[in-house]
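There are 2 protein chains.
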Amino acid sequence: MRSFFTIITSSTSIGHHLFSRLSSRRSHSVSLNLTLNRHTPPPMAATEESLRRNLAEMLSAVDSQGSSVRALKASKAPKTEIDAAIEALNRLKLEKSSIERQLQSIVSGNGADNSVTREAFRQAVANTLERRLFYIPSFKIYRGVAGLYDYGPPGCAVKSNVLSFWRQHFVLEEDMLEVDCPCVTPEVVLKASGHVDKFTDLMVKDEKTGTCYRADHLLKDFCKDKLEKDLSISAEKAAELKQVLATLDDFSAEELGAKIKEYGIIAPDTKNPLSDPYPFNLMFQTSIGPSGLTPGYMRPETAQGIFVNFKDLYYYNGNKLPFAAAQIGQAFRNEISPRQGLLRVREFTLAEIEHFVDPEDKSHPKYSEVVNLEFLMFPREEQMSGQSARNIPLGEAVSKGIVNNQTLGYFIGRVYLFLTRLGIDKKRMRFRQHLANEMAHYAADCWDAEIECSYGWIECVGIADRSAFDLKAHTDRSGVALVAQEKFLEPKELEELVIVPVKKELGLAFRGNQKNVVEALEAMNEKEAMDMKAELESKGEVEFYVCTLEKNVCIKKNMLSISKEKKKVHHRVFTPSVIEPSFGIGRIIYCLYEHSFYTRPSKAGDEQLNVFRFPPLVAPIKCTVFPLVQCQKYDEVAKVISKSLKVAGISHKIDITGTSIGKRYARTDELGVPFAITVDKTSSVTIRERDSKDQIRVNVDEAASVVNAVIDGQRTWEDIWSSYPHHSEECEE
Amino acid sequence: MRSFFTIITSSTSIGHHLFSRLSSRRSHSVSLNLTLNRHTPPPMAATEESLRRNLAEMLSAVDSQGSSVRALKASKAPKTEIDAAIEALNRLKLEKSSIERQLQSIVSGNGADNSVTREAFRQAVANTLERRLFYIPSFKIYRGVAGLYDYGPPGCAVKSNVLSFWRQHFVLEEDMLEVDCPCVTPEVVLKASGHVDKFTDLMVKDEKTGTCYRADHLLKDFCKDKLEKDLSISAEKAAELKQVLATLDDFSAEELGAKIKEYGIIAPDTKNPLSDPYPFNLMFQTSIGPSGLTPGYMRPETAQGIFVNFKDLYYYNGNKLPFAAAQIGQAFRNEISPRQGLLRVREFTLAEIEHFVDPEDKSHPKYSEVVNLEFLMFPREEQMSGQSARNIPLGEAVSKGIVNNQTLGYFIGRVYLFLTRLGIDKKRMRFRQHLANEMAHYAADCWDAEIECSYGWIECVGIADRSAFDLKAHTDRSGVALVAQEKFLEPKELEELVIVPVKKELGLAFRGNQKNVVEALEAMNEKEAMDMKAELESKGEVEFYVCTLEKNVCIKKNMLSISKEKKKVHHRVFTPSVIEPSFGIGRIIYCLYEHSFYTRPSKAGDEQLNVFRFPPLVAPIKCTVFPLVQCQKYDEVAKVISKSLKVAGISHKIDITGTSIGKRYARTDELGVPFAITVDKTSSVTIRERDSKDQIRVNVDEAASVVNAVIDGQRTWEDIWSSYPHHSEECEE
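Same order as they appear, the protein sequences are chains A and B.
Using UniProt numbering, you'd call the opening residue of the first sequence number 1 and step up by one each time.
Using UniProt numbering, you'd call the opening residue of the second sequence number 1 and step up by one each time.
By construction, these hints were calculated from the structure, which means they are not laboratory data.
It should be emphasised that the depicted structure is a prediction, and the values quoted were computed from it without experimental measurement.
You may find that some hints are simply not true.
Given that identical chains are not distinguished, each listed pair holds provided it fits within a single copy or across any two copies.
DMTMM-like mimics (lysine to aspartate or glutamate), calculated; alpha carbons at most 20 Å apart, straight line [said to hold, decoys possible]:
#1 Lys-681 with Glu-670
#2 Lys-646 with Asp-712
#3 Lys-140 with Asp-719
#4 Lys-311 with Glu-130
Make a model of the complete structure from these sequences and hints.
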């Protein structure tokens, strides 16, 4: 491990990565090899490059032909000659336009149409979500605050359903130890975790107005804009801009500043010059207690609350490994200028798991339950070689070592099951492995569950094997050993390396440097020591590098003894590794909205109706009850059904407005309510399923139990559909 | 309403009240009448006063007899005389001690024993809670932070159960609109609510070290200490100190400072002098965004998030009143020096309801469902006259006007049902009405659900009719009208008061004061105006007080016309009243722990075993499964049962440690697990109920459904007990 630690000082700041933001706080990643960067574009598509070259040629051809025409006119050449030259010029211009069009279509992501469609789709979803109060920009009557959103009633119900299911799927089924820690956190904790020093984004300021911008965003916008809108740039320039886009996540403050200067980037709103980039800490700072002397922060993640409690939790678990602790709670990040609506916010709900495991045994007892799952995975190799994500059986990924270990694999499988059961489309979901330069230096392996939505591929869950880093950091800072013990069934005889420097000889040889040499000798690992022993025995002396002296010294045989001694040990003490699945609940919910949304024409065909195809698990309300017309008899039947639904624990609403039944269906479709019971007789009612719009006729006293059976998953709608008489409603929609 | 608003400027700071803290933020209460203060002690108990007088007499008697003895000795009086005088002195001393003992017992709350018992009980509960990780002092390895606590695994499960039940009992059963707003709140919102200016406590600083103290705490401690430990103070002094204790919640900074000076109170830790008291705002401050120009706070309550969304929520509810919105979430208060463990913390979970209602109709459609409840209520009258809380039927309290209106009464009833179903002892719970000086000036009526625990009576839920205050405050500050409309079925003809000043005449009569007079005339309410009209018609002129001029003026008939005009109106626009039940979830849970805790001797009688008698609803785990001895057959049976429990959704644990069954029972009793299934055969098992320790024998395949039936409330344990064969286990406990 030791050698890794020397790298930490040169690591880039935390929170610098756009797409790996959930875990970015700790991705002290180092881009040692820019050419192998994950963002390195695949070699520029042949067509694009040749089009750029053709365009450049064509531009100069147009230019020179233009000159010819002007020259002919000036020299009063014969009209036929001039006309011919003009015709040639027009041909060239047409050709140029055609090349421009082709190029335009390529640079705007293979079809501007596609991005227009995405934008329109996103707008349709957003309109429905906002109109039906799934969410509300916070403090709207005071013109709101960027990056803060409220969940309105249906959004709140969806969130509560997602969290309940999370608790069921992970905490209860896996016997995890759930904890609930405060958001207000004293500085010392976040100093230990690295957040105080490294949880920063690089910022530039408008030198006149003081408006702040994220430096990487400005550079990114500039490059994208140039590539998409300025078709005249050379193929070389285009390649350079692409390289910048691919690597800017790893730029230092100096590199970013240099590029901003080189490209002449100015403040987008005012055109004023910009300051040099400097780091801005993303934590909301506050002060604990009245003295003003105890700085504190609003936690940027929930994980630290678990780490600092490791000792108690380990004890609670009977001093046994492995075990997992979990926490659901608010986290806070004071983004510089939040964009991307609900995906990049300043306060959000995280659900995090810390699974503590013996680093020497990362098998998982329930691994066999997920081994046969198969889904889209995007390993490092495929990303580096420009390939796409592909379906890989989880068992294969683990056995081939693509996924580092069983426990990591188990959680990848469980996350897959969690997301798909919520209603995330498995075709638009993939597990992407972090590249070497994205990962924290101490991490063994990291995978992100990414979901595709109108904003692109969004990291929604990070699953990382963080080795012993966090527990060690808190052990070091607090002085409390956060370790586990393995008691051996019977004592083990172990060989132990013993290095005994002969101080007298060393003193004679090295005088004032003796201490440095002794420390370096004692710090040798087993291999280094045994190699030295062999060399001393064969040659009598050996060259030895002392890093604190920055030079080689000559060690002789009489200066130390190296041996191995046998020792009986009864247990081993070690720092557990932690495997951390971390869920951005708000992002998952947003992607779920997009994956569940569709429109269909109204019966009259004059408008598009919006539908959310939420599974019953997620739906904010499971069932509505509609008396067809306003009359006391029907209202009473509705009440009877409502009572049975309540007993069965099914959340539902009665809608007694006199609105047409079609309108009422449309209204509940927009909320994603899966079933509607319409009271149109006193003996029997109809039950309508949202997506098929199929209706069956059921006796009043059966209605609640039929709905319950489908919601509970005991029966499918298809099964119900084949067991009850069908109902066709003339006047629907 | 208007006259109330003039009082606001003289209101005391928010957050000043110890026992009404949950709602204190807005209790701009004014103590107009100190002698009627709720804290005014009942006349000092006759015995205490006479004992203090007797003690004073006895002290001077001992003193003078001592002098006599010394004088006799000095004058070498005969030994017999001296001995007699000494004997008399000793008799007096004995008598003095006896009076001191009696007095001591009275001043320490009728028996020091009682407080010792309370302290010991609290300690026993705390030990169990901390040892079993119900809670953990936050950031313990870094020596913690005062006023911050984690919920450990069982505590987290209890909290989650309490919140689920709250959501079921209030949000779902009452069709409330739940929202979820951020904790980070911009200043403008909390400026409107009054928190930025008034949410303060008075603080003093150690002038040398800068250590901060709550000024009222120091004064309180001083008075209590003096009363309990200095028996020599006069009855008059004792009465004065008691009066201070009774009224200090209403002291201004100046009054507190004066008393601290008068009593010579110094810093308790260093004996240094103290600064004058000054207000400290209890909100955690932060800054939103990178500019440092947008101050924000961590919300001190969740209610404001609902108020600012009123318009959208009203629309969502089909523009109909009444409706309620609800929110569960974290709230933050930067206490000066938190005491009282889990009851006074810096971050806590609130669950708040804002029920919006037409101020002209505060009836509630489901009122009849609670009207027959009867429980301890402590109305204003009883508190003022020194009586105790008493059982009052809720219907009576509402019909007699003790509780202001039906809706307030309905929520009091619902809160009662909520708390008792959680397991709060109804004999140690009461609803206490706020006294006039405790309530905000705008509030119509307030009741606190108080629960008695080892710390005394603790406010756990505040239920307040806050009238239109909050919506009006945000309407004023934001400029967005937070109002409701009532559409009349048919237009109403209303009489409207019309006051038309004749400016010419008024100008002639009042010149420079004309404007003040005109404004005062136009501000008259209907009664004032009609009285003036009558008087003008009979006498031709009238004396009229103009408050902005602070004098009477003479108004003549020709100076204005007063009339009533008929007008057709189609709707009325008004600001809804809000009735707010606000739940301190952490406090409720702590009281629940104390009410659920008891000890019983172990079977051997050599130790006390701890038990939490949580109802299944609350219990962190519902059931444990114990294979009696470690063998594969029993383990397999345990797994089969576990599977059925899982299908039934019952949270449970299997404990396969080889520990004695008695120890395993004791261990789960400490977690409050209601049922244990012990596998001691392969065909049948025993089920043990926690509190009775009764065991029945049940077939393996019935076990899960029997436990489920009791947990669901379908059957009682008594019922089960009479239907199955009993089992007596020799070796238990």
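Looking back at the hints listed earlier, which ones does the structure fail to meet? 1, 3
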